[in-house]
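**Student:** So the chains spell out like this:
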Amino acid sequence: MKSHRKELWFEVAQRRAFLNITPQVEAALRESGIREGLCLVNAMHISASIFINDDEAGLHQDFEAWLEKLAPEKPHSQYRHNGYEDNADAHLKRSIMGREVVVAVTDGKLDFGPWEQIFYGEFDGKRRKRVLVKIIGE
Amino acid sequence: MKSHRKELWFEVAQRRAFLNITPQVEAALRESGIREGLCLVNAMHISASIFINDDEAGLHQDFEAWLEKLAPEKPHSQYRHNGYEDNADAHLKRSIMGREVVVAVTDGKLDFGPWEQIFYGEFDGKRRKRVLVKIIGE
Amino acid sequence: MKSHRKELWFEVAQRRAFLNITPQVEAALRESGIREGLCLVNAMHISASIFINDDEAGLHQDFEAWLEKLAPEKPHSQYRHNGYEDNADAHLKRSIMGREVVVAVTDGKLDFGPWEQIFYGEFDGKRRKRVLVKIIGE
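Protein chains in written order, with the working numbering: chain V, 1 to 138; chain A, 1 to 138; chain C, 1 to 138.
Treat the hints as calculated values from the structure; they're not laboratory data. A hint or two may mislead.
As the list claims (entries may be wrong) - Computed cross-link-like contacts, DSS-like style, restricted to lysine-lysine with a CA-CA straight-line distance of at most 30 Å:
no.	chain 1	residue 1	chain 2	residue 2
1	C	K109	V	K2
2	A	K2	V	K109
3	C	K126	V	K6
4	V	K2	C	K6
5	A	K6	V	K6
6	V	K109	C	K109
7	C	K69	C	K126
8	V	K109	A	K74
9	V	K74	A	K74
10	V	K2	A	K109
11	A	K6	V	K2
12	C	K69	A	K69
13	V	K74	A	K69
14	C	K6	V	K6
15	V	K69	A	K69
Kindly produce the complete structure, drawing on both the sequences and the hints.
**Tutor:** Spelled out as structure tokens, the structure:
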């Protein structure tokens, strides 16, 4: 069994954004030389998500509006976590969108359906944060 | 390390439904000959889910009503993704229910608790869609 | 390839609670002797979650209030699953928080970001329930 580990770093200028990181994950897979296995991609920070969906700008605006409805950022005082911090909503939003994805590796490629793309969901940006890619297989 | 890949195809006659696909996943595991490892099951389409829960009809009606409350289908015009498409709500519902599950394989079986069953959650049906099963182990 | 399986048992005195189970998962990893691989941790019961977030009491109160808003326990009669059971809300809450996490194992350790901790989320307690840890790798 082979394994490969890579950290991806992001610094998002806004508080919230969605970044398509599929090319970076594909690059990590090529570096690994692994042809068959599983690829884990997870946010290393607890106010960010990794998820798979469609790379369509209208949908991303829908996600933003919907997450703000389900877990509004403001008023900051509505959350007990806030005080020194102001990012409780980011923890809730990330719980809906998920921490991680596991993607099959087949014949040296991410084994995706027609529209699957991997996104980094930032919910508390303006600082450097990390994503972990861990691939195991042969 | 061994690996096994299988696609499962579904065509659901309604827009939304939950299908218990545990028997198909168990069949793929038997075909693989793998005794110890991990089994990934993921929707290959971004308006469908794979999740684990109870096979109880009342609960499935509760899921349907609850997802419609959190991410209503209509009016279609409330979502920017809609226009050529009308399935933005399906992307949101799938985000709550999840894209994938990873199940332990122990002694040649899916290593489940007493009520765990694997479901395909269709949120934009009436066409053929796929689920990927990828098993790695020994 | 090596694999290791361990069940963790919990009996929570309240209906709902969050338990930091990171030390128990780390102990299972040490027992496994695995240095590189993947560690799956999943609830074996469908009214409980495993998730990764911050070990901060204010945030956990925020999770409790938020989940009660999105999927209220009462009135029990609002859910078709209830009758003989009264835990439909627990199934919904667990759907938001997730069944499982997959954590990278690197150099014999859980490969975590700075604040990541693994929690057992109990949504229908007062009885003994199980969590599965399955680790594969080398």
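**Student:** Does each hint hold? Answer for all of them.
**Tutor:** Now the hints, each set against the structure:
1. C:K109 - V:K2: holds, 17 Å
2. A:K2 - V:K109: Holds. K2 of chain A to K109 of chain V sits at ~17 Å (cutoff 30 Å).
3. C:K126 - V:K6: Outside the cut-off at roughly 42 Å; violated.
4. V:K2 - C:K6: holds, 24 Å
5. A:K6 - V:K6: Holds: K6 of chain A and K6 of chain V sit about 28 Å apart, inside 30 Å.
6. V:K109 - C:K109: The given pair, whose Cα atoms are some 27 Å apart, holds under the 30 Å limit.
7. C:K69 - C:K126: It holds: about 22 Å lies between the C-alpha atoms, which stays within 30 Å.
8. V:K109 - A:K74: violated, 38 Å
9. V:K74 - A:K74: The hint holds at about 27 Å.
10. V:K2 - A:K109: Holds, at about 25 Å.
11. A:K6 - V:K2: holds, 22 Å
12. C:K69 - A:K69: Holds: K69 of chain C and K69 of chain A sit about 12 Å apart, inside 30 Å.
13. V:K74 - A:K69: This hinted pair holds, its Cα atoms lying about 22 Å apart.
14. C:K6 - V:K6: holds, 28 Å
15. V:K69 - A:K69: holds, 12 Å
Of the hints listed earlier, those the structure fails to meet are numbers 3, 8, in rising order.
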